[in-house]
Amino acid sequence: MLRRASICLSLALSAALLSSAQAQTFRWATPASVATMDPHASGDTTTRNILINVYEGLVRLNQKSVLDSELAVSWEAIEPTVWRFKLRPNVTFHDGSPFTADDVVFSFKRATTSSSDIRAKLRSIKEMKKVDDLTVDAITQAPNPILPQGVLIFMPILSHVWAEKNNAVEPADNRRTGKENFATRNADGTGPFKITSYGVDGRIEMVPNESWWDKKEHNLSKVVISPIASDATRVAALLSGEIDLITPIPQQDVPRVKESPQFYILTAPEARVVFLGFDQWRDELIASNVKGKNPFKDVRVRQALAKAINMDLVRDKVLLGAGDPLFAMIPPQANGWTPEFKTRPASDINEAKKLLADAGYPAGFSVTLDCPSDGLSNMGEPVCVALTGLLARIGVKVDVLLQKQAAYAGKIGRRETSFYIHSWGATTFDALATMELTMFSYGDGVGTWNVGGYSNAEVDKLILSASSEMDAAKRKGMLTKALSIHRDHVGTIPLYQPTLTYAASTKVKVVTRSDDAVQLRWVRFQ
Amino acid sequence: MFIATPRNGLAPVLSVEGLRVELPGARGPVFPVRDISFSIVAGETLGVVGESGAGKSMTGSAVLGLIDPPGRVTGGLIRLNGDRIDNLSETQMQAIRGRRIGAIFQDPMTALDPLFTVGSQIVETILTHQDLDAKQAHKKAISLLESVGLPSPAQRMEDYPHQLSGGMRQRVVIALALCNDPELVIADEPTTALDVSTQAQIISLLKDLCEERGVAVMLVTHDMGVIAEAADRVAVMYAGRIVEIGSVHEVLRKPRHPYTRGLVNSIPRVSRRKASLFQIEGAMPPLDATPSGCAFHPRCDFAVDACSKDLPPLRAWDGGASACWLPVDESPLDDQSLAPRPADYESRFQIPDAAPLVEVDQVSKHFGSAASWLSRFTARLSSGVNRAVDDVSFHILRGETFALVGESGCGKSTLARMIVGLHPATSGMVRFGGVDVAGMRRQRRFQMVFQDPYASLNPRWRVFDIVAEPVRTHGVDAGAGVARRVHEILEKVGLSARDADKYPHEFSGGQRQRISIARALVSEPELIVCDEPTSALDVSVQAQILNLLKSLQHEFGLTLLFISHDLAVVRHMADRIAIMQGGRIVETGNANDIFTRPAHSYTRALLAAVPDIDVAIARKAPPDHGLKLNRLSG
Amino acid sequence: MAEIATPVSAGRLKLAALAPRSESPVLRSFLRTPSAMIAAFVLTCLALTALLAPWLAPFDPFDPANVSLIDAMTPPLWMRDGNPDYLLGTDDQGRDILSTVMFGLRISMTVGVAAVVVAMTLGVVIGLIAGYAGGWFESLTMRIVDIQLTIPSILLALMIDGVTRVVASRELQAEIAIYAVIAAIGFASWPPFARVARSRALVERNKEYVQAARIIGVAPLRILLSHILPNAIAPVLVIATIDLGLAVLAEAALSFLGVGMPPTQPSLGTMIRIGGNHLFSGKWWIFMTPALTLVMIVLSVNILGDWLRDALNPKMRRRV
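Residue numbers (numbering that gives the first Met the number 0), protein chains in the order written: chain A, 0 to 525; chain B, 0 to 633; chain C, 0 to 319.
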């Protein structure tokens with residue numbers, strides 16, 4: 000009797016111990032695996048959003064996506080082209096080496112070598128200069144009013160001592176060349192978590208960095224990140240209790256997860272806009288039955304298309320609610336937004352038909368729509384097909400050409416398209432980068448993603464002025480104005496802002512952010 | 000019900016009473032075996048003879064319990080030493096097959112498993128049925144192999160079937176059949192797949208072994224020569240019934256049934272030559288169209304009204320029985336046909352200045368030398384080339400029949416194909432009318448008739464198109480002319496113009512051979528090469544085809560190159576003969592000289608091996624033991 | 000005196016072939032095989048449905064103007080929220096499942112049949128020439144066959160499809176999709192045909208009727224076409240039947256991988272792929288109808304192929 004009781008007791012005890020240990024292990028499944036542990040060698044979203052927990056930068060975003068101090072405690076523009084950063088003292092890397100201005104200068108150099116994948120993002124900085132051990136100056140090519148949030152947020156800092164010791168002073172571009180170095184499989188940041196294991200299958204294990212400089216908000220003892228490519232498997236892993244968080248969850252599985260009280264759905268509006276673009280520069284479309292002229296050069300045609308698209312219907316039936324219709328090239332989270340951008344042209348078939356007829360296409364025309372089959376969070380195909388149905392009503396026959404993301408991106412990049420669906424993320428939470436790349440007249444090194452060739456002198460002028468305007472309010476006015484002009488011209492047809500949808504066990508509390516990053520420092524077991 | 004039992008009153012080893020086998024057909028069941036009765040005593044060999052479709056093989060299968068479903072035995076009794084075996088289950092039959100009944104089939108290769116040594120197969124069979132240990136079984140196997148005449152049997156035990164020649168394999172099969180001391184052996188065409196020279200050895204071996212061991216033998220064959228050599232009694236089957244049964248001596252010398260008479264008469268003999276062979280018109284009826292009354296009556300020259308109405312019963316005569324409504328004809332076969340007539344040998348072709356039509360000049364064919372570079376390479380590494388035809392020279396005179404004789408693999412078919420230009424010669428030259436054959440394309444001066452009546456006609460073509468092809472290819476006679484010509488030729492070869500619209504599968508083997516001949520004739524060639532044209536045919540049909548060839552040759556003044564392994568057929572056909580062995584010609588000469596005064600030892604051996612019916616029958620008289628027919632109540 | 004006889008192999012302890020010559024043994028075997036008859040019936044029904052889809056189907060799902068997004072994901076009629084307009088419900092775009100399956104069937108079967116014709120033509124031509132002519136051509140083509148057989152055909156089809164699309168001009172993309180798929184599957188599946196045709200040609204080449212034609216001097220091409228081809232075609236047809244099922248599946252697989260037909264003209268494979276996304280969310284009808292249809296095609300085609308193989312092979316037939 001006694002023995003049985005003691006067995007029961009020990010079982011119960013060990014179960015309790017086990018569960019408490021278990022409870023501190025946070026298991027997270029992502030669709031893709033990280034390509035490298037080197038934050039400079041890969042700038043893709045998956046890698047960045049996982050390594051953000053290991054490597055820190057000078058600045059960071061808080062839970063509301065607002066700029067916050069990280070390894071820099073303060074900063075100011077001492078001249079239009081010189082920003083001075085005061086660094087956080089008494090910070091050490093995971094390997095124990097101290098964090099100083101040398102590491103900032105080294106990291107900048109390292110992140111701008113030819114094998115770096117993020118050097119383009121740091122292009123506007125000419126030089127990083129050490130002033131003293133805890134002060135650095137960033138000298139920009141031109142006045143840059145949004146340097147901290149627009150640029151430096153993309154510069155992870157690693158230890159120069161560690162890199163030199165391990166012969167990893169330059170990033171190894173293992174994805175393109177297959178070459179690796181020490182930093183490819185090992186990490187040494189200042190962040191809240193340390194990598195303990197990085198498996199060939201992409202599985203990552205982390206433990207908290209006990210000597211982290213900031214106040215610890217999480218209560219995790221271990222983190223396991225597993226890549227699970229199949230949507231269905233990922234959902235099944237969550238439902239079976241194997242995984243605590245999945246990012247993302249396919250929209251059609253949301254109701255099923257919601258049914259169970261053990262799970263909940265997390266959403267965040269993604270800082271991204273999905274839009275339709277059209278070729279407005281060729282004299283004849285390359286994939287249309289209209290010969291000798293380009294219907295998209297006529298604003299009435301573009302308006303007609305915009306009016307034919309009933310985005311509310313698409314949101315309800317195709318996106319299953321996971322998107323917010325809007326009519327501007329930036330999401331509400333980005334600087335430059337104004338509430339009227341939310342208003343879409345009233346969907347009206349008759350008026351759209353009339354506009355088409357006025358433009359000389361009473362019977363419509365046909366055009367091929369380039370569409371990524373595995374892009375737009377896998378919503379590319381259903382959205383495109385739905386659009387064909389909506390546009391067919393005004394006589395525009397759309398042939399959907401589904402392609403793999405890689406092939407599609409190549410074609411769009413070469414501007415070999417007449418009509419395409421695309422999305423643009425406002426990663427800096429500022430309209431300028433989006434506008435420079437997608438609205439500025441296409442030319443050498445500017446407007447590189449202005450695939451449709453929209454060109455407006457006033458917009459160009461506003462963008463140029465805004466890029467060197469240091470007064471925030473004036474600058475915002477310019478951005479909003481340029482966006483409005485583009486909007487009135489229907490330079491593109493913005494469709495919606497996607498919603499990021501994750502699913503998690505109710506045991507954990509996770510904070511979502513518009514840049515799709517899950518910051519482990521805010522994860523808590525309840 | 001009649002049952003033929005030996006007179007001396009021995010209890011029969013096998014007795015079959017009223018056996019009937021049924022097969023489902025499209026229009027109701029058909030009966031490949033109809034109410035047949037016979038018995039065999041120990042040490043006796045009963046030959047069952049008949050043409051294709053007579054039901055002889057099916058009878059053997061029925062006794063072995065090996066009728067493939069959906070066929071089945073639907074009537075009669077089969078007794079093995081008094082035990083009924085027709086109603087046994089498959090498992091029970093398995094215990095009897097191999098133990099109490101041994102079987103020998105036509106193709107020794109199918110009876111032996113290629114993956115095991117012959118020794119292990121015999122030992123395995125012994126161990127399955129007898130209470131012996133492995134050592135004893137092994138010893139027994141060696142002694143068996145010795146008794147079937149295999150040289151150094153202990154070593155042969157370790158050989159695989161493919162390492163043995165056809166004759167040796169058949170010896171092994173006989174050893175297998177006898178290894179469990181069976182009471183009965185059923186041998187189905189045991190020598191058909193073998194060469195002439197081995198046939199005789201195997202036949203006498205089988206006969207001697209069985210006589211010695213007191214085993215009853217049921218010998219199923221189409222070959223009267225084999226019957227004459229090996230059987231004590233013979234049952235002649237036609238359309239599923241026994242039409243005549245009796246001692247070999249009686250039946251073959253004095254056949255009572257018109258069918259038997261015709262059959263025996265239509266066999267070409269080595270010993271004599273006639274202007275034409277006796278021929279029974281037509282062929283065996285198909286199973287689903289057996290004529291009423293006596294099934295033979297449509298082909299019978301003596302048929303009376305009763306023959307087509309009622310089935311004649313087996314009527315006994317001294318030493319046998321036959322089923323015919325006609326009065327029993329006790330006369331021996333036409334003496335004239337039996338007597339050798341040297342006058343027949345005088346040739347029509349002894350024209351002194353006859354020019355050679357075909358000249359074969361030091362022709363050789365080596366295989367393995369003109370193949371792909373890879374096999375050329377490996378051939379260089381291995382022992383060398385196969386000389387299928389080795390330095391052969393002869394000529395064929397215009398208008399004569401020249402025969403190439405030899406056993407299978409001697410190179411005669413390869414030589415024939417080189418003469419018609421199908422194979423290029425490795426060296427030497429074939430000239431046709433003075434022109435090198437190798438350079439002749441789209442020619443119509445020579446044609447060929449092949450051995451296999453089933454493979455030699457395109458099954459997807461109408462007879463008309465088949466026969467017209469040579470004419471169309473050469474563009475002689477366009478349009479209606481072609482049709483007229485085809486119909487004319489079809490009638491010449493004994494078919495009707497209506498047959499032109501049919502497909503080959505609607506014809507019997509003999510008729511197909513006629514179509515082949517028509518195709519060969521239609522372009523009015525000078526030479527026809529006949530490669531074993533009758534070896535796949537029944538004797539009665541063979542006689543028809545041989546007669547046809549002869550008459551056509553006469554009518555059109557054809558030159559024939561006749562290739563055969565059958566000396567009797569060659570004797571009937573040829574003016575001059577070349578004997579081939581191992582790719583070389585060992586003897587060439589006038590047919591009469593070759594048959595009467597063979598010069599080469601191989602020729603002599605070949606001639607000696609031919610089963611001569613007349614000699615064999617003569618040897619059997621007087622019979623060892625008389626046979627009588629008892630009437631039993633059923 | 001009628002001289003007709005059944006061809007009976009002389010002197011063998013084998014059951015005599017008893018085929019009456021008046022009717023085809025293949026037809027007879029068909030009438031005796033219920034599974035083949037059912038399969039043929041199902042296949043005929045499906046083929047007729049595919050053929051008559053424009054007249055039978057309640058909607059034209061390939062015309063986007065006909066599709067009503069508002070009705071997307073309507074469940075089948077017998078379920079709650081079912082709409083009498085849509086007997087089997089609608090998919091995620093509001094297309095009537097019944098109509099879409101009918102039209103998809105049309106595409107799947109067209110692609111299947113055409114791809115088999117391509118593969119068969121290519122394979123038979125190459126195989127016959129290789130078998131008849133021999134020499135370097137035979138060595139070369141048969142090595143190619145061996146190599147191609149080691150590559151999964153779906154991989155090859157993906158490759159061919161990709162190349163075709165790159166080569167094709169921009170505005171033709173949508174129009175050539177079906178031809179690209181047909182070419183991809185056809186070119187990926189010719190080797191079995193080539194092998195069988197070659198082996199048949201090797202056998203027939205040595206048959207005496209071919210030798211007879213050669214002696215006359217009939218041209219090799221004519222021998223191939225009029226003598227060898229008709230006699231080699233039976234086993235090729237058997238492979239073709241089985242390959243038809245595989246081709247339909249391959250199309251489905253290509254579409255499933257998103258490189259097949261355009262999404263506005265869904266084939267069965269596309270429908271299954273789209274349906275698969277919704278399978279776990281309880282909207283099974285989007286998946287189930289096209290999947291069952293595909294299963295029916297492939298199953299009945301394979302049953303027919305199996306039967307045909309047995310029917311054309313007397314050895315197999317006897318064992319049944």
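Please note: incorrect hints may appear among the correct ones.
[Claimed, not checked] Pulled from the structure, derived: some chain C residues nowhere near chain B, Cβ distances all over 10 Å: (1) Leu47; (2) Leu76; (3) Pro83; (4) Ile153; (5) Val162; (6) Glu207; (7) Ile215; (8) Leu256.
[Stated by the list, open to error] What follows is a set of in silico ranges between Cβ atoms, one per label pair, in the way DEER data are often shown: (9) C/Val124 - B/Ala607: 52 to 62 Å; (10) C/Arg79 - A/Val206: 21 to 31 Å; (11) C/Met295 - A/Lys292: 47 to 57 Å; (12) C/Val294 - B/Gly408: 48 to 58 Å; (13) B/Arg483 - C/Val25: 34 to 44 Å; (14) C/Thr120 - A/Asp373: 29 to 39 Å.
[Said to hold, decoys possible] Think about it this way: if two alpha-carbon atoms lie no more than 30 Å apart in a straight line, the pair counts; the simulated DSS-like pairs of lysine-lysine are: (15) A/Lys214 - A/Lys292; (16) A/Lys128 - A/Lys85; (17) C/Lys206 - B/Lys491; (18) B/Lys501 - C/Lys206; (19) B/Lys549 - C/Lys206; (20) A/Lys125 - A/Lys85.
In short, the hints are calculated from the structure, not lab data. Quick caveat, the model's predicted, so the values are computed rather than measured. Backbone N, C-alpha and C define an ideal beta-carbon position, used for all residues, glycine too.
**OP:** Measuring Cβ to Cβ, find out whether C/Leu256 lies farther than 10 Å from everything in chain B.
**Re:** Per Cβ check, C/Leu256 is outside 10 Å of chain B; nearest 40 Å; holds.
Original post:
Does the claim that C/Leu47 lies outside the interface with chain B hold up, using a Cβ gap greater than 10 Å?
Top reply: The assertion about C/Leu47 holds, with a minimum of 31 Å to chain B.
Original post:
Is the hinted range of 48 to 58 Å satisfied by the C-beta distance from C/Val294 to B/Gly408?
Top reply: 55 Å, holds
Subject >> Satisfaction of hint between C/Lys206 and B/Lys501, Cα-Cα up to 30 Å >> reply: 21 Å, holds
Original post:
Does the Cβ pair B/Arg483, C/Val25 satisfy 34 to 44 Å?
Top reply: 36 Å, holds
Original post:
When you check the alpha-carbon spacing of A/Lys125 and A/Lys85, does it fall within 30 Å?
Top reply: 19 Å, holds
Original post:
In this structure, is the beta-carbon distance linking C/Arg79 and A/Val206 contained in 21 to 31 Å?
Top reply: Cβ of C/Arg79 to Cβ of A/Val206: about 51 Å, so the range 21 to 31 Å is violated.
Original post:
Are the Cα atoms of C/Lys206 and B/Lys491 separated by 30 Å or less?
Top reply: 26 Å, holds
Subject >> Hint consistency between A/Lys214 and A/Lys292 [alpha-carbon to alpha-carbon, up to 30 Å] >> reply: 63 Å, violated
Subject >> Holds or violated: B/Lys549 to C/Lys206, with C-alpha atoms at most 30 Å apart >> reply: 26 Å, holds
**OP:** Could you say whether the range 52 to 62 Å given as a hint is met by the Cβ separation of C/Val124 and B/Ala607?
**Re:** Cβ of C/Val124 to Cβ of B/Ala607: about 55 Å, so the range 52 to 62 Å holds.
Subject >> Cβ separation check - C/Ile153 to all of chain B, threshold 10 Å >> reply: For C/Ile153, whose nearest Cβ neighbour in chain B is about 33 Å away, the distance exceeds 10 Å, so it holds.
In this structure, the earlier hints numbered 6, 7, 10, 15 are contradicted, and the remaining ones agree with it.
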